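Residue numbers (the UniProt record's numbering), protein chains in the order written: chain A, 1 to 98; chain B, 1 to 1076; chain C, 1 to 283.
For the record, the hints were derived by calculation from the structure and aren't laboratory data.
Source: prediction; values computed, not measured.
Check each hint, because a few of them may be wrong.
[To be verified] In silico lysine-lysine, DSS-like type, Cα no more than 25 Å apart, as pairs:
#1 C/K279 / B/K237
#2 B/K15 / A/K4
#3 B/K830 / B/K739
#4 B/K739 / B/K766
#5 B/K100 / B/K64
#6 B/K61 / B/K100
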Amino acid sequence: MPSKEQVLRLLSQGHDYGDIAERLGIPAGRAYLIATGVPADGSDSVARGKPGREGLLTSRSQHLVNPREVNPVTRRDVHAWIRRRAWMDRPMREAARG
Amino acid sequence: MNERVWPVLRQLTGKDRLGKGAAVRSAATAALRARTAGADRVVKSVCPYCAVGCAQNVYVKDEKVVHIEGDPDSPISRGRLCPKGAATLQLTTDSRRARKALYRPPHAADWQEIDLDTAMDMVADRIIATRRATWEAEHEGKRTNRTMGIASLGGATLDNEENYLIKKLLTALGVIQIENQARVCHSSTVVGLGTSFGRGGATTFMQDLVHSDCVVIQGSNFAEAHPVGFQWVMEAKARGAVVIHVDPRFTRTSALADLHVPIRAGSDVAFLGGIINHVLSNELYFRDYVLHYTNAATILREDYRDAEDLDGLFSGFDPDTRTYVTDSWEYEGMPVVTATGTSEEAARGVGGRVPEGWSEMHGAAGATLTGTAQRDETLRHPRCVLQVLARHFARYTPEMVERVCGVPQDLFAEVCRHLTENSGPDRTSEFVYAVGWTQHSDGSQFIRAASILQLLLGNIGRPGGGIQALRGHASIQGSSDIPTLFNLLPGYIPMPHAHEHQTLADFLRSDAPHQGFWADMPAYLVSLLKAWWGPSARPDNDFRFDWLPRMTGSHSTYDTVLAQLDGTCKGYILLGENPAVGSANTRMQRLGMAKLDWLVVRDLNLIESATWWKDGPEIETGELVTEDIGTEVFFLPAATHTEKSGSFTNTNRLLQWHHRAVDPEGDARSDLWFMYHLGRIIREKLAGSADPVDAPILDLTWDYPVEGEQGEPVAEAVLAEINGWDAEGRPLSRYTQLKGDGSTVCGCWIYCGVYADGVNQAARRKPADEQDWIASEWAWAWPANRRVLYNRASARPDGHPWSERKKLVWWDEAAGHWAGFDEPDFERDKPPGYRPPEGASGTAALSGTDPFIMQPDGKGWLFAPAGVVDGPLPTHYEPQDSPVVNPLYGHQRNPARKVYEHPDNRYHPSGHEPGASVYPYVVTTYRLTEHFTAGGMSRGTPYLAELQPEMFCEVSPELAAERGLVHGGWATIITARNAIEARVMVTDRMPSLHLDGRVVHQIGLPFHFGPNGLARGDAANELSSISLDPNSHIQEVKALSADIRPGRRPRGPALREMVAAYRERAGIVAGTGTEV
Amino acid sequence: MDLETALPGARDEEAGYAERPARMGFFTDTSVCIGCKACEVACKEWNAVPDDLTAFTGMSYDNTVGLGADSWRHVAFIEQRKPLGHQTPGVGDMDFRWLMASDVCKHCTHAACLDVCPTGSLFRTEYGTVVVQQDICNGCGYCVPACPFGVIGKRESDGLAAKCTLCYDRLQVGQEPACAKTCPTDSIQFGELDELRERAERRLERLRESGVSSARLYGHDPDDGVGGTGAFFLLLDEPEVYGLPPDPVVTTRDLPSMWRHAGAAAAALLVGLAAVAWKGRRR
């Protein structure tokens, strides 16, 4: 079972949590928890409580735990659909011209 | 340490000699993997319960949702969820969830399964047939082009895109009676806040609570109803803020407050009025703020008469119509013109009534004043608003507060002290409220009172200040904005009223000089009409403005119930709402449904509103017999939020997108799917029709893209239409781009910008850790992503912040525009020193010191010359049913309230009236953390049901002794409407109050329960009556009177007999309680 | 073998791990609990703990009643006619307060359940927590009476023991235990035990300064009868008020001395028998 000292040592050697996970054969999120004492998916109140905590990621640590994240913000088919709607509205285009 | 090695061997050869740790780990333990990390994907979503809008991570494996928990990136929730949010997995995946479409033929004893497509076809046929049979081209000589035969109800937990299609389709079909939970929940908010400040929504956002020095929670049980939002109160408390909870009960909120003030349910106007009086008489108001930013200095007309002069009435009351003619309330020399051109005179000419929904329109939109205000900058003129205010509230003394509210004077003084000490340039106080204020027959005035107080204290528009209206459902703000309400079009544009010659120009009064942002009303309305009727909407046909059905009065959900009872309304569609538990007078709701030809219910479970014909309370009493009920019922299972994409608008006007994680199973479909395909099928059936009545539905733009096996409409396309685009098909970014010439499309002008640049701004998820406390890149708020409204008021008239400690936005002289932490709620480059030239109109008429930009005079309204139909100033009236005499005025109840005289809706004698003592106790209804509204999303969910498994009532030890109630036993509670039973909780938390020389006992009733589900009980709303606030048409369920007796209630006909016996004892007849 | 070190009470925290992370646990600050029960639900949801629908208990808002195999978090509600610091309850003239607290398995330093488990199902993890391995448990139930807090129980459905695991599977991927993550007011705090103990001391001091003299810590003291707990609390009244034992002792505490006494008795018996036998031989 990896210890805090082990993980912090690897961090200080410049490895990121992904590397450390591979080396130690544990999930990246667990390495994070062991190193910092803060869960990778916790809210910020704990982390903010103690400044200068080694190994802390300022943001997006939940990616160390989660699988692929789904949150699309654009859809090209919708853009095309809008353009078609506008194109089919002749009075609208006339009004824009006039 | 290898878990495959025999444990004993490991114990003997390893370090774990005692065999308590490493040696005994099994292979399974070693292989343990959290199903979150092992899932295929995590989809970003939002909790479907309340309006805090906690972000959720939805984990999917093998196309099944395997886990749901909070998203720590959210600036609002920080990864936390309340018990309901934490139960979302069970809500969405429980095997008991309804997944089959069901059909009940007329007079049938039970359901039968039905093929979904067949059901859709039948529903479309019903709608077409009923519409044809009940079509009304004219009403009393005026064109209405509508059907009063069909109504819909719901839904505040539906997506904005769903509500948009509901409103669009049904309106095009000529349906006027479109309503949702917003009517019965926070409609008073739109009026109260809108009239006072210009927009009818919360003025701030929850995270801003950390900046507050004093938080007053009143008419809200924040910790129980919005637990995750409550963390921000705790943050404020940790920073030294004083937390005060004013509530009839000592609740879980009170347990964390510094000060709890028990108050008689329904007496908040007197309480707030007392504080206003204290502030005015002791000159503790924030003078500079009041002078410059409110209408305190404006002079009123000479013929204005106050409640002081007329013993509780204002000038202009017509006892025959029970309405006010409000001319005398206007500013001197500034007659009111509505932004939609229906002047008071014109309106009065048509039936003598102010058009229904006028208040809400005013509340949201603001009226137009013509002329120039006369002001007294010394605030001494006897007819200036401040002096009128002082005279009006002079009788709300601490003694009076004690008499009316039951609040001891020392406690009252404490509240006054905390509020006044924590307001001013360096300190701010915030009010938080919910339905404890809105759900009264004068609910709009409760909110008006708080608005006045906050304006006097100078707290509006400032960090840690403002008024936080806590709305209750995931997207009830959205279902008010979009809206599925009878009297409004998207963006709070009023539905047109039937008048002669009502052309678009008449409606818009484009010839009248308008001030402020409502001058752009034509742009907003025309863009909406273009969104709906596309190429068919042209300048030469008024952009099809004629095709909108017309109102002729009130068509609220309660009017619909009466219309069902009298046979006018024949078809009803329920979309995620449960009126058989959640609306006032639930018995009447069911009796109304029993008269329908057909009923469509869409929900996650078989709610009471779907099964009343089979096993509802009236079947038990024998009033209804299943075989005699001819209502045809369709039950169509609904998809949950994990099974559809769309946006919710939370209580802080924030639109947050949730993505579909998996497809719904069985027959479950989203309401987007339902509305879209219903519309498609109806249009197919009507295709080729030459009847002009069918043109609005055939020419409706209805070609949304669909995807997947189920043909689910693409919600982003609907969002894009709501946002709007220009003639090139480019999504718009700001509502200032909208035009009234037909060259822009926009489904809801206040949402314009949510799809700016073709990016779904509502889906933005920049973590809170990467932003400041405003977090403006998380999702999108209206208007224009502003978080604290009216924030111009956080700076002095000269543009500097009132103080360093409370700075928010300020004028940057060097840069020549407003700057700060938040998006300025003001024209960016209008300097503080700008003064409008003579005759200016539109936004040019607003000066550099007018923070309330949606108000016609740019000022916060202490006195409301327009927009509130039952009084320009809040006045204490007793609730409809009250055992207490109004000590303040001769008028017991709100003279302008709406009453519905009906044998099933009898009111109680009150105060001194004979028979009042038959119902001697005050009842208040409320929520529990563990359940959600009318229970459809919690009573059937085992993890929630087990937390609060049965209906109970809360009574004080004194009341228990008086009536012989036993803790843990049963009690029956009776009103003139119905009687229910409940388990008894005798507790100190429901104190009896000493006021006016007597003891008033109060009974507390959670309102979630109903006969269905796992956690069962009688519904509290069996007891309530329909008596409405005249502005918002909201019912009074927060304060009524009742009797209570030990023991269970009678079953069968004996129940009705008991209710009747009580009525007789109280001498209740048709007109009881309906007096002005 | 040295009896002192070979028997329960010794070296539990090491439990045979050559290297291990810091000890993790819970600090439950009941002074900020709003009694919402999100912890109960989140725990059940994550761990698929069966629901347990009962009737209205009338025990204030507590319908869960206590910890057991089917309730691994339990929120207690106590209505008292006592003041709470400078809070003004406003309920007539009397003092009043409503205490709310979320109870959980203590993950004791000296864990009796662990001591008595004959199969090795219960074990000490590398985080110092105590976890039931359901694939090993044989349902003997010895652990149930052993727990001084009445936490662990046997499930009716399958007869196996069940209790809070401090979300061991979540820790293994670096996730916060479900109850701590969901708690709206951060009443349940998760982290390294040393750090939590420091935080708790500071919080206690602040609370006492603000006038809440009845505030105290429970389970934080390594010298108490269970060696201190991995899940400890800030309470606002006596433990008994919350249904907690005031002076919990690991029920196997006396085992070493019992064995010694037994050993001494056995030795004495042997000596006695030998003496009798020797005496008998003379004849």
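Taking 25 Å as the top limit, are the C-alpha atoms of B/K830 and B/K739 close enough? holds, 22 Å
Do the alpha carbons of B/K100 and B/K64 lie within 25 Å of each other, as the hint requires? Distance ~19 Å between B/K100 and B/K64 Cα, so the pair holds.
Are C/K279 and B/K237 close enough, with their CA atoms no more than 25 Å apart? Violated. C/K279 to B/K237 sits at ~83 Å, over the 25 Å cutoff.
Hint consistency between B/K15 and A/K4 [alpha-carbon to alpha-carbon, up to 25 Å]: Holds: B/K15 and A/K4 sit about 20 Å apart, inside 25 Å.
Does B/K766 lie within 25 Å of B/K739 when you go C-alpha to C-alpha? violated, 32 Å
When you check the alpha-carbon spacing of B/K61 and B/K100, does it fall within 25 Å? holds, 24 Å
Checked against the numbered hints listed earlier, the structure breaks hints 1, 4; every other hint is satisfied.
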